[in-house]
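Colleague: Here is how the chains run, residue by residue.
There are 2 protein chains.
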Amino acid sequence: MKILILGADGYLGWSMAANLFSSSHDLFLVDNYSKRKHMKSLKRYPLLETPLVKKRIQNIKRKGVTKFYQLDCSKYVDIHKIIKNIMPDVVIHFAELPSAPFSMINTTNSWETLRNNLQSTFNIIHSLKDLSPKTHLIKLGTMGEYGTPNIDIEEGWLNIKHKKRSDRFLYPRQGSSLYHTSKIMDTDLIWFYTRMYGLSCTDLMQGPVYGLYPNKKLDDDVAPLFTYDDIFGTVLNRFIIQAIMNQPLTVYGTGNQIRGYINILDSIECIKIAMKNKPKRGELKIYNQFTEQFSVLELAELVRKSLKKININVNIKKVKNPRVEKENHYYNAKHSNLKKLGLKANKLNEKMIIQIANYCMKYKSNIKINTIMPKVKWK
Amino acid sequence: MKILILGADGYLGWSMAANLFSSSHDLFLVDNYSKRKHMKSLKRYPLLETPLVKKRIQNIKRKGVTKFYQLDCSKYVDIHKIIKNIMPDVVIHFAELPSAPFSMINTTNSWETLRNNLQSTFNIIHSLKDLSPKTHLIKLGTMGEYGTPNIDIEEGWLNIKHKKRSDRFLYPRQGSSLYHTSKIMDTDLIWFYTRMYGLSCTDLMQGPVYGLYPNKKLDDDVAPLFTYDDIFGTVLNRFIIQAIMNQPLTVYGTGNQIRGYINILDSIECIKIAMKNKPKRGELKIYNQFTEQFSVLELAELVRKSLKKININVNIKKVKNPRVEKENHYYNAKHSNLKKLGLKANKLNEKMIIQIANYCMKYKSNIKINTIMPKVKWK
Chain A
25 MKILILGADG YLGWSMAANL FSSSHDLFLV DNYSKRKHMK SLKRYPLLET PLVKKRIQNI
85 KRKGVTKFYQ LDCSKYVDIH KIIKNIMPDV VIHFAELPSA PFSMINTTNS WETLRNNLQS
145 TFNIIHSLKD LSPKTHLIKL GTMGEYGTPN IDIEEGWLNI KHKKRSDRFL YPRQGSSLYH
205 TSKIMDTDLI WFYTRMYGLS CTDLMQGPVY GLYPNKKLDD DVAPLFTYDD IFGTVLNRFI
265 IQAIMNQPLT VYGTGNQIRG YINILDSIEC IKIAMKNKPK RGELKIYNQF TEQFSVLELA
325 ELVRKSLKKI NINVNIKKVK NPRVEKENHY YNAKHSNLKK LGLKANKLNE KMIIQIANYC
385 MKYKSNIKIN TIMPKVKWK
Chain B
25 MKILILGADG YLGWSMAANL FSSSHDLFLV DNYSKRKHMK SLKRYPLLET PLVKKRIQNI
85 KRKGVTKFYQ LDCSKYVDIH KIIKNIMPDV VIHFAELPSA PFSMINTTNS WETLRNNLQS
145 TFNIIHSLKD LSPKTHLIKL GTMGEYGTPN IDIEEGWLNI KHKKRSDRFL YPRQGSSLYH
205 TSKIMDTDLI WFYTRMYGLS CTDLMQGPVY GLYPNKKLDD DVAPLFTYDD IFGTVLNRFI
265 IQAIMNQPLT VYGTGNQIRG YINILDSIEC IKIAMKNKPK RGELKIYNQF TEQFSVLELA
325 ELVRKSLKKI NINVNIKKVK NPRVEKENHY YNAKHSNLKK LGLKANKLNE KMIIQIANYC
385 MKYKSNIKIN TIMPKVKWK
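Going down the list, the protein sequences come from chains A and B.
This note's numbering numbers the first residue of the first sequence as 25 and each following residue consecutively.
This note's numbering numbers the first residue of the second sequence as 25 and each following residue consecutively.
Just chain A, same shape as in the assembly (with noise of 0.2 Å):
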């Protein structure tokens, strides 16, 4: 098969492609290294300085075709033109800027938040309609997408009766940044094409990630990227550095914004799982795709606890949110239909925690403290 992974430098990306390497499928990768760009501009850092994609695939032998391409999924005449060439099986969309707070920093960021998520996935969407539409697209969506509704959240379709009559609808979503909103809207256009021109698509709704892409066969010269700071981090990531830096847990508000949460061995395995139930033509497929309902004060005290058992004892200190959203409110979110397709959970406990903690420690001199406290506020 022809895989054609779109955002292929980042921390789901690069670890999608990495997966793939031991398969024998034709891999063809692309990113125009944006977020490295604005995470250097914004003085954020990863983990690891990775090398790029291009280096990390020479560090890499396997049988297969592996082709990178830097170019930008937003300039259409490019993307078009790989599309062309390739012809891919599928499309694994992650081409887009992934961060609630940098969509809220200023009009500009904003404002390209929004550009270039739907610029992009208009592009991907327009050149798979005119010249592939047998492709199938799988796209990163995110749980974010539904807000905190005070129903529960199914898999991204809803049945609603009304006044004795009823029909199915996208979820009604509202999300609680720019970027969220973005994804929504990502959404809408990708059902709108899916509908018109009977393309194949699947949207994952995905909760926020955390963990280590543990590869055996690689090591830090093919890792993917590791962010933890208060813009481009994840929270869980973002806790462990603050442990092994002997800081408090720093929980936004009340702690009570409760999430569903993915590993990333999970978060790959269900891409794969979507890989092999491609939608009928006309059909887009939405999965909900996390494992775990978490607090974040939760979520912190698993950490806490966990670190302690090698000696790391820090507190969890609650600090004024710099976010806009509810801070107590229902939250039961289905997630199904992966476990249905074949889904194993890698849950997270102590363990996984003091492993992802040891691997930090590693590259403990290059972790900046003074990237963890939120800077970005909503207001």
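Derived from the structure by calculation, the hints contain no laboratory data.
Since no wrong hints were added, every one of them can be taken at face value.
Same chains, same names: a pair is fine if it fits in one copy or spans any two.
Calculated lysine-lysine pairs in the DSS-like style (CA-CA distance at most 27 Å, straight line):
#1 LYS358 x LYS185
#2 LYS296 x LYS79
#3 LYS99 x LYS61
#4 LYS300 x LYS85
All values derive from a computational prediction rather than experimental measurement.
Please build the complex by placing chain B on the supplied structure of chain A, with the hints as guidance.
Modeller: Showing chain B alone in chain A's frame:
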């Protein structure tokens, strides 16, 4: 009051301005003439080549301030500066590409519709939140955002009961063109910023508009644009033009597509009602802005019968539907909120159709009959 009208050259924008000329409000008009440019490049022309806004303003003598700025609302610096200088009490935002067929011509026009509409709304709302958050933003949406669901269409919001719990959501929407999808995204964007920053916004879900704006004081020098072509025209205007050219009234597909229609007189009245009913901070008011539901076939039949009275005899002809849309569907859309606030509908009748036809006949020699049959196909 200081009223800023964005998109003041258009059918609705100029009609709104012309109505307010008899008030004492200070009027600030903005347009970049992009619709005229797009029409010209696609060889579509209005019934009457009306003068540019500046010239039309000169033709009117009035007491209050009336200023025109030629600028593009999708350019942040320009619209930000205007809002900073004026600090308007109300912004009425018509500054969008309004055509479903235009948005489906090709990749360039599709993206241009999405970009222009979203970027304009984004710039306006970002300027307001930073400079003038108390300003009332009134935005023209479209009934087409709802599509044709199998349940009743409520006014913008829907209370959903699900598994014994309930919550209130934006009514779930899906449109049948990229233009309509861009308006869905507009609504999501406005609702996001309204609830985040306590703005006061009104979104008017308007049905297809028809008719003249017959301000008795206005002569041809200041008349609004009247379009009837396949790309920029609306359906009733198109039928009337076909009839006076002795052409059959062309109905797309079965003609059973039902929509809610509104006379431009009422459309202007609705916006004035919205102005008088400013939402409180953090509230997005949504009204369904139409007065009567018709199927396309009923509309054609009404035109045929009405114009028979003035000895115009035409047939109705079904043509292959160039669009992808449901041709037989349930449709029951609520539209009582504006009525409750005082709207007295000008219902469509024979007299009104004859009046529009008589106006159009004055310019019969301008009519370009080859621009009426649909050239843009969804597939």
